[in-house]
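Colleague: Following the hints, position chain B against chain A.
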Amino acid sequence: MTVDVNVTLGRWPFRRTPGDESGAALAQRLRARGVTQAWVSHFDALLHTDLAAVNARLAEECRREPLWLPFGAVNPTLPAWRDDVRRCHEGHRMPGLRLFPNYHSYTLSQPVAAELFEEAARRNLVVQVALLMEDERTQHPLVRVPAVDAAPLADLARRWPGLRVIVLNQRPGPPGGVRALVEAGAVSFDISMVEGTGGVAKFVEAAGAERVLFGSHAPLYYWDAASLKIQECGLAPELEERIRHRNARAVLRAA
Amino acid sequence: MIWDLHTHLSGFDGATPREKMAELIRFADRLEIERVIVFMGYPFVYDPTPEQLREQNDQVLEALQPWHPRALGFVYLSPKHLEFSLREFDRCVRDGPMVGVKLWVAVKAHDERLDPIVERAAKLDAAIFQHTWTKVMGNLPGESDPWDVVALSRRHPEVPIICGHTGGNWQLGVRALRDARDVSADLAGSDPTAGLTEMAYRELGAERIIWGSDAGGRSYGSQLAKVTGADIPESAKKLILGGNLKRMLTPILRAKGVPL
Numbered sequence: 001m002t003v004d005v006n007v008t009l010g011r012w013p014f015r016r017t018p019g020d021e022s023g024a025a026l027a028q029r030l031r032a033r034g035v036t037q038a039w040v041s042h043f044d045a046l047l048h049t050d051l052a053a054v055n056a057r058l059a060e061e062c063r064r065e066p067l068w069l070p071f072g073a074v075n076p077t078l079p080a081w082r083d084d085v086r087r088c089h090e091g092h093r094m095p096g097l098r099l100f101p102n103y104h105s106y107t108l109s110q111p112v113a114a115e116l117f118e119e120a121a122r123r124n125l126v127v128q129v130a131l132l133m134e135d136e137r138t139q140h141p142l143v144r145v146p147a148v149d150a151a152p153l154a155d156l157a158r159r160w161p162g163l164r165v166i167v168l169n170q171r172p173g174p175p176g177g178v179r180a181l182v183e184a185g186a187v188s189f190d191i192s193m194v195e196g197t198g199g200v201a202k203f204v205e206a207a208g209a210e211r212v213l214f215g216s217h218a219p220l221y222y223w224d225a226a227s228l229k230i231q232e233c234g235l236a237p238e239l240e241e242r243i244r245h246r247n248a249r250a251v252l253r254a255a
Numbered sequence: 001m002i003w004d005l006h007t008h009l010s011g012f013d014g015a016t017p018r019e020k021m022a023e024l025i026r027f028a029d030r031l032e033i034e035r036v037i038v039f040m041g042y043p044f045v046y047d048p049t050p051e052q053l054r055e056q057n058d059q060v061l062e063a064l065q066p067w068h069p070r071a072l073g074f075v076y077l078s079p080k081h082l083e084f085s086l087r088e089f090d091r092c093v094r095d096g097p098m099v100g101v102k103l104w105v106a107v108k109a110h111d112e113r114l115d116p117i118v119e120r121a122a123k124l125d126a127a128i129f130q131h132t133w134t135k136v137m138g139n140l141p142g143e144s145d146p147w148d149v150v151a152l153s154r155r156h157p158e159v160p161i162i163c164g165h166t167g168g169n170w171q172l173g174v175r176a177l178r179d180a181r182d183v184s185a186d187l188a189g190s191d192p193t194a195g196l197t198e199m200a201y202r203e204l205g206a207e208r209i210i211w212g213s214d215a216g217g218r219s220y221g222s223q224l225a226k227v228t229g230a231d232i233p234e235s236a237k238k239l240i241l242g243g244n245l246k247r248m249l250t251p252i253l254r255a256k257g258v259p260l
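Going down the list, the protein sequences come from chains A and B.
Note that our numbering gives residue 172 to position 172 of the first sequence, counting from 1, and the numbers run on in steps of one.
Note that our numbering gives residue 108 to position 108 of the second sequence, counting from 1, and the numbers run on in steps of one.
Next comes chain A alone, as it looks inside the complex (with noise of 0.2 Å):
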């Protein structure tokens, strides 16, 4: 039983992935490895301004596939971007949002991510955010977007200790950096880019071990990574449980 909170439907910009012909194909992909729930945003979100409109078409994906959860992209630098936070939540229903600062061209410093964070906190709406998608060494040389400063999120956690934060695509970086989050608020994390043999047993180290929530970044990356590095680990049962699905159901559970 697994229960992936990082999950992306639709098209990477750059090439296709295997299992990216549908949404129903990459469902059937990962129910194969034992994912009872993955929580899902979409590709578009990432350049596409018509932000409703791919929040739309996510939910009717999700309303087709019981396997996703839908998270919706909000940017806050859009005009009327309340009324897209307004959709998700009370439209759609979603659980939470997907957050993509640096493609949409924001720093979580600027006073408009604390106008997010505020609406979202509001709303009792999980916030997941996104720090990169892809190696920025790697990166179309037209479009390189350097990873999003995860630091600033340490005041925004304090600022709405009832928030429930979860970092998406955190390097491994020093321990102290992932524990001021820790200690700021309800701020999770999930292991898709947490590397080093060994890494995801240090970042249960550094995170503790109610705050690490399995994720893949599938399609864009191979779902077995994130399965591998927790069998490699050897971590107790009772750990692993947490990070493949019990922890996941906590904060969903907390709102």
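Hints in this document: simulated from the structure, not taken from any laboratory.
Keep in mind that a hint or two might mislead.
Said to hold, decoys possible - Pairwise CB distance ranges, derived in the manner of DEER restraints: (1) B:Glu119 to A:Arg144: 37 to 43 Å; (2) B:Thr250 to A:Glu241: 19 to 25 Å; (3) A:Arg31 to B:Glu62: 45 to 51 Å; (4) B:Pro43 to A:Val143: 30 to 36 Å; (5) B:Gln52 to A:Asn124: 17 to 23 Å; (6) B:Asp13 to A:Ala151: 26 to 32 Å; (7) A:Glu241 to B:Arg247: 25 to 31 Å.
Unchecked claim - With the Cβ distance kept under 8 Å, some of the chain B side facing chain A (calculated, not the full set): (8) Lys135; (9) Val136; (10) Gly168; (11) Asn169; (12) Gly195; (13) Gly217; (14) Tyr220; (15) Thr228; (16) Gly229.
We put the CB at the ideal spot given by N, CA and C, even for glycine.
Modeller: Coordinates of chain B only, in the frame set by chain A:
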């Protein structure tokens, strides 16, 4: 059968090479990795002096000793110090347990100073591994890209050469290697981006792809997923995960009397 082409002592806990090696093996066991190739000691040095090369090779020799032949080694050389590197090759490969050469980022692979190293390695059927990357922000001054390896291969037809990381940006790297029939693609050390192995299989064929992890900087698991998760035939996966490397190393292992 899984053989890992590409591991380092760096990144593993431990105060000594042997302690780090024990960690490397402990994690490899969990994913049923049967043999590992180790090269370079620690800390990583972009442009090592002869003394640093010797020190790093000594670290690897020390680490290998309790685990040989489950663990095998490649000698770390720099064409900037050619005479020393040839002597070091003799010490570690001809007269020692190592079975290949590792070239990193001191000199680009197209440089003719590599030629004597390649010739000496080829005489003993030692594997030749050249790191490559193609970074959008630009490579290090002496860092090769796959085209540099292709240029080297053209000067040494019939000599097998391994293109480390397949250039990192594998969509470029695989294309660069398409016509270089003697160059194999190493899958190690990049993010587990889906499609890498499928493209390499489609363009190069299963026989020219070799799996490696780049542990301890990388997770064995994240890298193994590039093969276990790929949409390619099981027969191809077997070649990539160990068959090709075993075939490449069989002559030198036999010559050294190492059991296969």
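Colleague: Look at each hint and say if it fits the structure.
Modeller: Status of the hints after comparison with the structure:
| no. | hint | verdict |
| --- | --- | --- |
| 1 | B:Glu119 to A:Arg144: 37 to 43 Å | holds, 41 Å |
| 2 | B:Thr250 to A:Glu241: 19 to 25 Å | violated, 44 Å |
| 3 | A:Arg31 to B:Glu62: 45 to 51 Å | holds, 48 Å |
| 4 | B:Pro43 to A:Val143: 30 to 36 Å | holds, 34 Å |
| 5 | B:Gln52 to A:Asn124: 17 to 23 Å | violated, 57 Å |
| 6 | B:Asp13 to A:Ala151: 26 to 32 Å | holds, 27 Å |
| 7 | A:Glu241 to B:Arg247: 25 to 31 Å | violated, 41 Å |
| 8 | Lys135 | holds, 4 Å |
| 9 | Val136 | holds, 5 Å |
| 10 | Gly168 | holds, 6 Å |
| 11 | Asn169 | holds, 4 Å |
| 12 | Gly195 | holds, 5 Å |
| 13 | Gly217 | holds, 6 Å |
| 14 | Tyr220 | holds, 5 Å |
| 15 | Thr228 | holds, 5 Å |
| 16 | Gly229 | holds, 4 Å |
Comparing the model with each numbered hint stated earlier shows that hints 2, 5 and 7 do not hold.
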